[in-house]
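Kindly produce the complete structure, drawing on both the sequences and the hints.
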Amino acid sequence: MDLKSLIESGALETYVLGLCSPEETVQMEQLLQQYPELRAELEAVEHALEQVARAYAVTPPPGLRERILERIAPRGEGGPQATAARKQQVFRWQRALPWAAVAVLGVALVGQVWEKRRLQVQHQDLSQQVTACEERLRQHERLQEVLALLRDRNTRALLLSDAAGKEATKTTAVVWYNPIRAEVILDIASLPAPPPGRYLQLWAIADGRPVSLGMVQEQEGSSFQKLPFLPNAQAFAVSVEDKPQGNPTPTQVLLIGKI
Amino acid sequence: MSLQTEHLVERLRAGDSSALGELYDAYGGALYGVILRIVRAPDIAEQLLQDVFLKVWKNIGSYDASKGRLFTWLVNIARNAAIDMVRSAHYRQRQKTDTIENLVHNPGNQGVNPDLIGIRELVEQLDEKHRRLIELLYFQGYTQEEVAEAINIPLGTVKTRVRQAIRELRRAFGEPLSIFAGMSQVGAEIFNRL
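Line by line, the protein sequences give chains A and B. If you count by this note's numbering, then the first sequence holds residues 1 to 259, one letter each, in order. If you count by this note's numbering, then the second sequence holds residues 260 to 453, one letter each, in order.
A few of these clues could be false.
Here are the simulated DSS-like pairs of lysine-lysine, each with C-alpha atoms no more than 27 Å apart in a straight line [said to hold, decoys possible]:
hint, chain 1, residue 1, chain 2, residue 2
1, A, LYS243, A, LYS226
2, A, LYS226, A, LYS258
3, B, LYS314, B, LYS326
4, A, LYS4, B, LYS388
5, B, LYS326, A, LYS4
Label-pair ranges, simulated between beta-carbon atoms [said to hold, decoys possible]:
hint, chain 1, residue 1, chain 2, residue 2, range
6, A, ALA101, B, HIS266, 47 to 53 Å
7, A, GLU24, B, SER277, 36 to 42 Å
8, B, HIS349, A, VAL104, 53 to 59 Å
No lab work stands behind these hints: they were computed from the structure. What you are looking at is a predicted structure, and each value in this text was computed from that prediction instead of being measured. Note that beta-carbon positions come from the ideal geometry of N, C-alpha and C, so glycine has one too.
Shown next, in the form of structure tokens:
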């Protein structure tokens, strides 16, 4: 093809104005690769039209530049910077997740500990009340036993009185004795407190010899002390001893009462 | 393509949004002028210019410097967008009901770069038939067939007349391209020696 007549035909201008058909365009592109003269002519035409467009340039409305840049930057359709920013956001979010979990667990743990402590206190209160109730019930049952014994017509009251025979001393004690039931109960309410460092021991006199029935003990909630039953006992006695566990034989007999 | 333009294209391809800002500063006014002369409504032209730059941002990968200058590629995107708009049913309906002010509005007098007024005068001084041809093809978005019909000359004559018009402009501008090309070559050599 004659290059000169191609140039003179105005085909290059048509190409620059974007008015060529697709086939013409492909053809022109191939020719441009082949012929540097054609390429130089193209640049001259392009430059002239660019000058015309620049001469008739109109300043776009203010703010349009920013709106365009805003639309490409944050959404970042293909912009690598925006992608990087998005990655960083994801990264930050992922880093915060374990801390959030730790915080939630921490709050739950503190709540749990606090609740446990509250329940422990409540449990302690309730078990103390239960213990107190059980104790009261045991006392009540013991009194019922005593009452049952006292109501029995085979029960006899034995008055223990001063062993020295002095009428003036008011020191007495009562023993409830029932040979059918084989039960003996001592009412210690009227017993005197022993002198400091001395202890009261209980005795039965069986076949003329004293047999120890144990020490006088503080009774919880009542003054009744149950004693062992000896079928061949003839009398009961209270002595003052120098040892807390008592002695095999009475040291100083305080009270005595025959059956 | 100048080294500066080449670098700008590379940055756009790398997704550098500041390069799009520089592209806007360099060509936004010229592209807005072309769009405005075709659609003749500033609000539509503004929307179209925005669309054009977003399209350029997305499609910069398809620009091939061996097929022409960057500005030629840009102005064809802008002109096609404007022509599509003018031919849309929405635009035609709007033009029917529009007030007269958009039609009498003369965008050519806004925000002109004083350095380019000389070139503008040269264009104004072109032979009337050449000036009208440039106006219709470059600024009105006419096809060559439409121009041939509008001014009642054969299609072949339209093509050669466009050639003559642009040659006239080139003569008036004094072919600055070759001078610039030579200068940039000298500049590159000096740069390499530093």
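Structure-based check of each hint:
1. A/LYS243 <-> A/LYS226: holds (21 Å)
2. A/LYS226 <-> A/LYS258: holds (18 Å)
3. B/LYS314 <-> B/LYS326: holds (19 Å)
4. A/LYS4 <-> B/LYS388: holds (24 Å)
5. B/LYS326 <-> A/LYS4: holds (20 Å)
6. A/ALA101 <-> B/HIS266: 47 to 53 Å: Roughly 49 Å apart at Cβ, these two residues keep to the hinted range, so it holds.
7. A/GLU24 <-> B/SER277: 36 to 42 Å: Cβ of A/GLU24 to Cβ of B/SER277: about 37 Å, so the range 36 to 42 Å holds.
8. B/HIS349 <-> A/VAL104: 53 to 59 Å: holds (54 Å)
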